[in-house]
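> Protein chains in written order, with the working numbering: chain A, 1 to 467; chain B, 1 to 200.
It cannot be assumed that every hint is accurate.
Claimed, not checked - Quick list of in silico lysine to any residue cross-link-like pairs, SDA-like style, CA-CA up to 25 Å: (1) A:Lys417 - A:Glu69; (2) A:Lys46 - B:Ser3; (3) B:Lys89 - B:Ser121; (4) A:Lys46 - A:Glu56; (5) A:Lys163 - B:Ala168; (6) B:Lys124 - A:Gly196; (7) A:Lys89 - B:Gln164; (8) A:Lys168 - A:Ser105; (9) A:Lys163 - B:Gln164; (10) A:Lys89 - B:Val34; (11) A:Lys338 - A:Glu313; (12) A:Lys384 - A:Ser105; (13) A:Lys9 - B:Lys89; (14) A:Lys417 - B:Gln50; (15) B:Lys124 - A:Lys384; (16) A:Lys369 - A:Glu69; (17) A:Lys163 - B:Leu191; (18) A:Lys46 - B:Asp182; (19) A:Lys168 - A:Lys89; (20) A:Lys163 - A:Trp11; (21) A:Lys369 - A:Glu419; (22) A:Lys163 - B:Lys124; (23) A:Lys163 - B:Val34; (24) A:Lys163 - B:Val167; (25) A:Lys384 - A:Thr207; (26) A:Lys9 - B:Pro192; (27) A:Lys3 - B:Lys124; (28) A:Lys163 - B:Arg190; (29) A:Lys168 - A:Ile278; (30) A:Lys9 - B:Lys124; (31) B:Lys124 - A:Ile311; (32) A:Lys9 - B:Gly161; (33) A:Lys338 - A:Trp402; (34) A:Lys46 - B:Gln183; (35) A:Lys369 - A:Gly420; (36) B:Lys124 - B:Val34; (37) A:Lys417 - B:Gly161.
Hints in this document: simulated from the structure, not taken from any laboratory.
Listed below are the residues making up each chain.
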Amino acid sequence: MSKGTLFDKVWDLHTVGILPSGQTQLFIGLHLIHEVTSPQAFAMLKERGLAVMFPERTVATVDHIVPTEDQSRPFADGMAEAMMQELEKNTQAHGIRFYNVGSGSQGIVHVIAPEQGLTQPGMTIACGDSHTSTHGAFGAIAFGIGTSQVRDVLASQTLALAKLKVRKIEVNGTLQPGVYAKDVILHIIRTLGVKGGVGYAYEFAGTTFEQMGMEERMTVCNMSIEGGARCGYVNPDQVTYEYLQGCDFAPNGEAWDSAIAWWNNLRSDANAVYDDVIVFDAASIAPTVTWGITPGQGIGIDEPVPTADIIPEEERAIAEEAYQYMNLEPGHSIQGTKVDVCFVGSCTNGRISDLREAANFAQGRHVAKGVKAFIVPGSERVKKQAEAEGLDQIFLSAGFEWREAGCSMCLAMNPDKLEGRQLSASSSNRNFKGRQGSSSGRTLLMSPAMVVAAAVTGQVTDVRELI
Amino acid sequence: MVSEVRTVTGRGIPLVGNDIDTDRIIPARFLRAVTFDGLGEQVFADDRAQRGGQHPFDLPHYQGAMVLVVNGNFGCGSSREHAPQAIAKWGIRAIVGESFAEIFFGNCVALGLPCVTADPSVTKHLQERLSANPQAQITVDLETMQVTCEGVVAPVAMGEGSRQMFVAGTWDACGQLVAQADQISATAARLPYVRWSVAS
Ligand code: SF4
């Protein structure tokens with residue numbers, strides 16, 4: 001059993017008590033909600049005549065259904081409009097802070113909470129969304145929950161949970177040029193498998209993560225869930241504190257100094273005990289792309305699509321399914337595969353540093369003929385910042401579309417969708433069958449730089465050739 | 001509204017394949033709704049369309065089945081409770097599998113839908129039996145932690161905390177949680193960040 005890790009310390013501090021079932025009742029410091037998984041939770045509250053216990057500890061935004069082109073109300077999609085109205089009504093009725101479209105602070109829930117300093121070290125954070133693991137980048141224990149649990153948090157600010165084991169994933173060394181946080185997490189998932197993390201919280205440690213900025217750490221923690229781990233975190237350090245200082249919700253004045261002392265104390269002890277430790281070498285990680293229908297089906301860009309005989313027995317059936325669905329040739333390089341759509345955005349890679357990197361490769365180049373390429377900032381603030389830096393102009397003159405903030409083509413709940421068997425190069429997090437809106441649409445996951453490389457060449461390309 | 005779940009007995013339905021994700025269980029377009037109504041018909045919508053009536057959830061002899069038998073990492077992907085809701089609304093009352101994604105498992109507990117794990121050889125065997133004889137009865141017993149089908153008896157597993165919640169009928173935790181209001185406030189008062197907030 002783990003001991004002395006940040007996970008243990010935060011868990012203990014937030015334990016309200018032990019339930020008769022033996023599970024822990026855990027206090028949730030920050031509850032985030034959005035339009036997809038909250039309406040039914042509010043309906044359940046009403047049915048039971050329950051109030052929201054700590055309305056000031058829940059924050060709402062709207063992201064999944066928001067159109068990224070025409071945002072005028074009512075939305076063209078009547079169902080999206082109904083979901084929007086439901087959230088407006090529920091947040092108002094319960095006195096919950098809501099960042100609506102046009103507020104200047106709306107965006108993907110996992111982008112807006114960190115950028116405003118709502119996400120802080122040592123917190124427990126829950127949201128009806130599996131990518132809540134993102135917030136662990138700050139040294140918070142953050143995980144996704146279902147709608148009945150959203151109800152529980154609204155009603156009690158707590159959850160009934162069994163404690164997770166803790167696995168330390170240590171990556172040391174400097175990443176090669178053209179290799180990004182996205183490649184690191186895709187590499188970890190392809191190595192440990194999509195269910196390797198079930199039952200674990202992942203602590204990302206080692207010099208590679210220490211050298212990363214906060215947004216890169218968020219990219220890594222974001223995809224913990226794709227590796228089966230419900231939450232992932234990085235111990236807070238100077239990088240964390242510098243990012244937080246001055247953010248709207250960060251403590252200030254005297255509270256800032258005591259906050260730093262408290263946060264430092266929560267870091268995993270040097271002699272902490274882990275349930276498992278795995279070590280990687282950063283230098284061995286190449287730009288990584290997925291070739292199949294799970295995020296674990298990834299390869300270094302210079303490797304061929306694996307043939308069935310080198311795939312472990314228990315993964316062969318899903319590999320066969322992937323060959324059939326993706327129509328990529330086993331044994332052949334994935335480079336040179338024609339792409340139809342290129343998407344930079346999502347809670348994995350829709351932050352300002354992602355857009356800067358994308359713009360860096362778009363500058364002076366042009367989207368290939370026949371390719372639809374678009375950039376979707378993760379929040380209204382990211383959009384504003386990008387425009388202040390002139391990134392929008394770089395994208396537009398390179399032939400990319402420049403959109404409003406939202407989840408967009410990460411999943412198919414708004415007008416941005418693949419059509420038919422289109423192949424998409426995407427900076428998002430899931431390549432499941434049908435994920436991007438067409439039941440036969442195909443997704444290759446990769447870093448934003450790799451997406452831009454695909455966009456300007458019209459095919460899957462090793463971004464290092466453009467450096 | 002809380003009730004005990006000790007055993008589930010009914011006909012079974014096999015669904016073969018690892019890593020069946022929540023986007024496949026219920027495609028995102030069906031999440032454009034403010035209630036969980038109607039999800040039962042939409043469960044596995046795209047997989048079913050692609051298999052032109054041959055998907056187990058469409059085959060006439062599996063209609064009315066109550067125990068779903070799956071393989072590894074079932075329910076991976078998003079946190080959408082719509083996924084277990086859709087499965088439950090179709091009529092499933094218990095799931096036997098090699099392993100389950102964690103959020104999916106937790107969502108099932110909250111709905112009173114038990115998910116038990118069994119050895120891969122057991123799930124494979126059960127799936128074969130149910131394919132050969134769709135009328136076979138299958139029983140999941142949460143007290144003896146066994147699954148029984150046509151004379152075959154095999155052990156199944158579930159975290160003890162969750163198992164307790166099913167057999168004691170406390171799988172709906174909401175009431176228990178709310179009842180601890182004083183301890184909740186005391187815990188909140190111990191957390192420094194609760195005092196630092198909140199910008200306006
Ligand atoms: S960007 Fe994608 S993964 Fe992230 S919250 Fe939105 S839909 Fe979910």
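> Out of the numbered hints, which ones does the structure contradict?
3, 7, 8, 11, 13, 15, 19, 22, 23, 25, 27, 30, 36, 37
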